[in-house]
Amino acid sequence: MKSLFRIAALPLALAVTLSLSGCLEAEQHPGWIKGEYAGKEDPRHYQTLFHNDKLSWHAAITNRANQQNEYNRANP
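Numbering-wise, the sequence shown is residues -26 to -1, 1 to 50 according to mature numbering (1 follows the signal peptide of the UniProt record, and there is no 0).
Just to be clear, a hint being listed does not mean it is correct.
Unchecked claim - Label-pair ranges, simulated between beta-carbon atoms:
#1 Gly9 / Ala(-12): 37 to 45 Å
#2 Asn26 / Val(-11): 35 to 43 Å
#3 Gly9 / Leu(-23): 53 to 61 Å
#4 Val(-11) / Asn40: 42 to 50 Å
#5 Glu44 / Trp6: 40 to 48 Å
#6 Leu(-17) / Pro17: 50 to 58 Å
#7 Ala48 / Glu1: 48 to 56 Å
Calculated from the structure, these hints are not laboratory results.
Where a beta carbon is used, it is the ideal one built from N, C-alpha and C, also for glycine.
Kindly generate the complete structure, drawing on both the sequences and the hints.
In structure tokens form, the structure reads like this:
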């Protein structure tokens, strides 16, 4: 009798676990108010690190990419 109970309890426990696993899903997307994003606006890197100078930021990124390129760093 106990083995029959164990056989029946396993699928029941599995069904309860699977049915409750979807209950913890939280909303992933922020709300929209009047067609606009209602969350915190994230500043861009050029705004915080380069005082809103896009040209300087782009030059720094390009220089960094060139320094990481082994073909440009090596002197053949």
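Quiz prompt | Ala(-12) and Gly9 - C-beta distance against the hinted 37 to 45 Å | solution = Once the Cβ atoms are compared, 42 Å apart, the range 37 to 45 Å for Ala(-12) and Gly9 holds.
Self-check item: Range hint 50 to 58 Å (beta carbons of Leu(-17) and Pro17) holds or violated
Solution: Since the Cβ atoms of Leu(-17) and Pro17 sit about 53 Å apart, the hinted range of 50 to 58 Å holds.
Quiz item: Lying within 42 to 50 Å: is that true of the beta-carbon distance Val(-11) to Asn40?
Solution: 59 Å, violated
Quiz prompt | Outcome of range test on Cβ distance (Asn26, Val(-11); 35 to 43 Å) | solution = Since the Cβ atoms of Asn26 and Val(-11) sit about 55 Å apart, the hinted range of 35 to 43 Å is violated.
Quiz prompt | Assessment of proposed distance window 48 to 56 Å (beta carbons of Ala48, Glu1) | solution = 51 Å, holds
Quiz item: So the hint says 40 to 48 Å: do the beta-carbon atoms of Glu44 and Trp6 match that?
Solution: Roughly 46 Å apart at Cβ, these two residues keep to the hinted range, so it holds.
Practice problem: Could you check the hint for me, namely that Gly9 and Leu(-23) are 53 to 61 Å apart, CB to CB? | Solution: 60 Å, holds
In summary, the structure is inconsistent with hints 2 and 4 from the numbered list given earlier, while agreeing with the others.
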